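Enquirer: We have chain L already, so just place chain X with the ligands on it with the hints.
Below are the chains, spelled out letter by letter.
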Amino acid sequence: MQLTGAQALIRSLEMEGVEVMFGLPGGAILPVYDPLIESSIRHILVRHEQGAGHMAEGYAHATGRPGVAMVTSGPAATNIVTPLCDAYMDSVPIVVITGQVPYAVIGSDAFQECDTLGITMPVTKHNWLVTDAADIPRIVREAFHVATTGRPGPVLIDVPKDISNATMDWYWPEHVDLPGYKPNLKGHPKMIKEAARLVAAARRPVIYAGGGILKARAAEALREFAETTGIPVVTTLMARGAFPDRHPQALGMPGMHGNYTAVTAMQRADLLITLGARFDDRVTGKVSAFAPEAKVIHADVDPAELGKVRRPDVPIVGDCRNVIEGLTKAVRSEYARGERPDLGPWWEQIRRWQAEHPVRYEQHEEGPLKPQFCIEMLRDHTPEDTIVVSGVGQHQMWASQLWRFDHPYTWVNSGGLATMGFAVPAAIGAKVGKPERMVWAIDGDGCFQMTAQELVTATAERIPVKVAILNNAYLGMVRQWQELFYEERYSEVYLSPDLPDYVRWAEAMGCVGFRVEHAEDVVPTIEKANEIDDRPVVIDFRVDYREKVYPMVPAGASNDDIILGPETDRPGGR
Amino acid sequence: MNVNGVQHHILSVLVENRFGVLSRVAGLFSRRGYNIYSLAVSPTEDERYSRMTIVVDGESAPIEQVTKQLNKLIPVIKINELPAADAVERELMLVTVRADGAFRSQVTELASIFEAKILDVGYEAMTLMVAGAPDKLDAMTELLAPFGIVELQRTGRIALPKLSREPSKLKLVRTKGA
Ligand SMILES: Cc1ncc(C[n+]2csc(CCOP(=O)(O)OP(=O)(O)O)c2C)c(N)n1
Ligand SMILES: [Mg+2]
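Protein chains in written order, with our numbering: chain L, -19 to 554; chain X, 249 to 426.
Here chain X stands alone, though its shape is the one from the complex:
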């Protein structure tokens, strides 16, 4: 995956769901001089584990080293590197954009093109929600910019591997003991 010409890698990391684990992972990145581009953490179907989806800036770190160092953390159970081509990724964005009088309908139109939801409407601004692949969010941000963006937040990516198009044995990702 390429963002602004920088090579990004997606790591899907299964970790023990205990306090301090996020800090161990984050600490490892800063200590070794790796940049986290985005990070999303959520519980998994098994409450003993959480999943971190980490997008790493590949220039700051050879991805192989990052993975090996992460693997040394004891609460890290399993790491999947998801090459962009083999993953489906989604991200959520909330954006408040100026949309007074004349511009309101134009913003609404853009929202519908991007299948964004209007969450809130004020006197001179609107808050939109859009989900999609990161480049879709980038595109929408660019097109909204001329109206004037008041505030913007993105969740960071979550990703799963793409499924096979051919018949294959579906492996249930249940971890040991589950």
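Chain L with its partners taken away, still in its complex shape:
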């Protein structure tokens, strides 16, 4: 059967099981948009290509399936670089297809030509320039394989226009043959055994669970391991939901804005059981002062993570789920041999920390509306399996701290790159992937202004997401740093609460808009928003701009120098 390159591309996507893609057409990708008309694939027309990329990410986060975006060459390709980098940092499987000028004129500065391959090389797991229409099925197959296996990540296929128009004999490759790509998933039994020995000997162990748990669909395995061992679990920003917050062994989030107990338990630990986490500087603080007494077990599917920041005592290359299941078994046999330390004193210590240093804030009845209060009310008045998507800033940290994540894949956010503008499009992508679930974006006023236009997409495509803007009239997180570390010298962080008028803006985009200024209106408005299911909703919460995120470990400081709150704006800790 003869197909054009464009037809072969759409056909290949169908073969990969793609049900939906996000994109926006233009000159170089025109041939591929034509066969899309006949395709079973749903296309969602975005208003900006960055939106397409983040939607693909949100879809992937929520479903575990690769998100697909398609855009044209030149400016469209550069517009999608941010989501690619975001997905690269957070190991999100997305497949981006870009149009390119005809192969014959590449390199001549043709209209809307840019070196997409070169620009995206550092922010993709791999990328391909198609040079022959006959390669399309093979490359699509390889691209989906690379994006979704091993450590997942973004990939890009650049398709010149003449290649889309050329003809080829259709085929579908039986298998992928990439001699230089063989992720090691198994986990070395000897290493697992050695790790089990450490686990069975530790008196102050902590499970340091990272986003890799979610990527490996290992939440169940983690729970079983934790319950077998009775060891406390911290879940990083990327792993919120990987272990239920309501579980008695859950300590919550560690790191720069982690809670005191999670941070300090890691600091005092004698063993860190690191599973799919990568010792990010936002978790470790000053590396040389991080968990000084701890031995380290480090399991990751990416061998380059082992020893990159902290040298592990037991490195294990492998898929988190395989490794954790193996570890649970191996620990059981250690226990069977009578090796089982008493974690009682460690838990007593942990419970004391929890009682002494809970995450706190106060909502006074008459006082200004607190952002934390809004988040807690949202948490308590939405279904338990609501998917929460956040932007980047103070609101993100409060959401991560205060929400109770009891299910995996209910938290979608931008961790490694910290991309403002992520929330609205990612929420749309998540809702497309999980239409039966309620999806709430918790966004900042600054973030919202970066990608809000995608709510037009949401209205047009009937994707009823809900957005809670915590409008503090500031680039709040930056303001917080200027307040604490630049002697309150505020430089370019004021936004204004009224400009834009978020309610009217929401309405102009076909959404329902609400404004909330007083604590007593918070719950009724959330309930009204929850009722609406035929269009997006935006709530403009006018919150106290003075509120800061605590606890906080200043950048570059030791985790021992955690600042607990405004009244102790000085190092606390030991």
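By construction, these hints were calculated from the structure, which means they are not laboratory data.
Owing to the predicted nature of the structure, the values given are computational and were not obtained by experimental measurement.
Yeah, the Cβ is synthetic: ideal placement off N, Cα and C, and Gly gets one too.
Be a bit skeptical, because a hint or two may be false.
What the hints assert, rightly or not - Residues of chain X placed beyond 12 Å of chain L at every Cβ, according to the derived structure: (1) Ser286; (2) Pro310; (3) Glu312; (4) Glu337; (5) Leu358; (6) Lys365; (7) Val369; (8) Ser412; (9) Arg413.
As the list claims (entries may be wrong) - As a list, the in silico BS3-like pairs of lysine-lysine whose alpha-carbon atoms are at most 25 Å apart: (10) X:Lys316 x L:Lys166; (11) L:Lys162 x X:Lys316; (12) L:Lys162 x X:Lys320; (13) X:Lys320 x L:Lys288; (14) L:Lys528 x L:Lys266; (15) L:Lys173 x L:Lys288; (16) L:Lys309 x L:Lys173; (17) L:Lys166 x X:Lys320; (18) L:Lys170 x X:Lys316; (19) L:Lys275 x L:Lys173; (20) L:Lys508 x L:Lys414; (21) X:Lys320 x L:Lys170; (22) L:Lys309 x L:Lys275; (23) X:Lys410 x X:Lys316; (24) L:Lys162 x L:Lys288; (25) X:Lys326 x L:Lys166; (26) L:Lys166 x L:Lys309; (27) L:Lys266 x L:Lys288; (28) X:Lys316 x X:Lys326; (29) X:Lys316 x L:Lys173; (30) L:Lys288 x X:Lys316; (31) X:Lys384 x L:Lys275; (32) L:Lys288 x L:Lys170; (33) L:Lys166 x L:Lys266; (34) X:Lys384 x X:Lys410; (35) L:Lys288 x X:Lys326; (36) L:Lys288 x L:Lys166; (37) X:Lys365 x X:Lys384; (38) L:Lys170 x L:Lys266; (39) L:Lys162 x X:Lys326; (40) L:Lys170 x L:Lys309.
Expert: This is chain X with the ligands only, laid out in the frame that chain L set:
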């Protein structure tokens, strides 16, 4: 291997012979802040693959990280780290040196000591070619310097593992599928 007191490592990297691969490798080094001391690329006995011999400055990068990151590149098939003691290395140098009148015979003499070839002779200069281990090239450069070096180019090293002195099964480095 030590050059000017800096620890160097030799990586022999088998890669797919496709366009863009050099740029992926070079990009990885700059992106991760690793310094390439020298780089030589050539086709192998199997046309589907090329071999890159990369000399890495070990101060800029823990060699284990470099290797692991390189391994993540999909066109990278295989990496051999060749410890200097276990490798034979060669490098080629072309050097144009001032050699007028009185000095010509002295330069010629040096050339013969270093087994260099005279490629070109001009009115007041000569171009020599010398191949050898990098320190031999360094030594020759030092000795030529007083005459006045006009231009100098080195290829960067290529290296292969040393062979066993004892009977052993010789493994033919044919890669999969070949
Ligand atoms: C694209 C981008 N630009 C700049 C930053 C730096 N930055 C981090 S948080 C922040 C402020 C975010 O403001 P807002 O959305 O209002 O959230 P808030 O902190 O007030 O809750 C900024 C500017 C970033 N992370 N991303
Ligand atoms: Mg703000």
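Enquirer: Run the structure past the numbered hints and jot down the numbers of the failing ones, going up.
Expert: 2, 3, 31, 33 and 38
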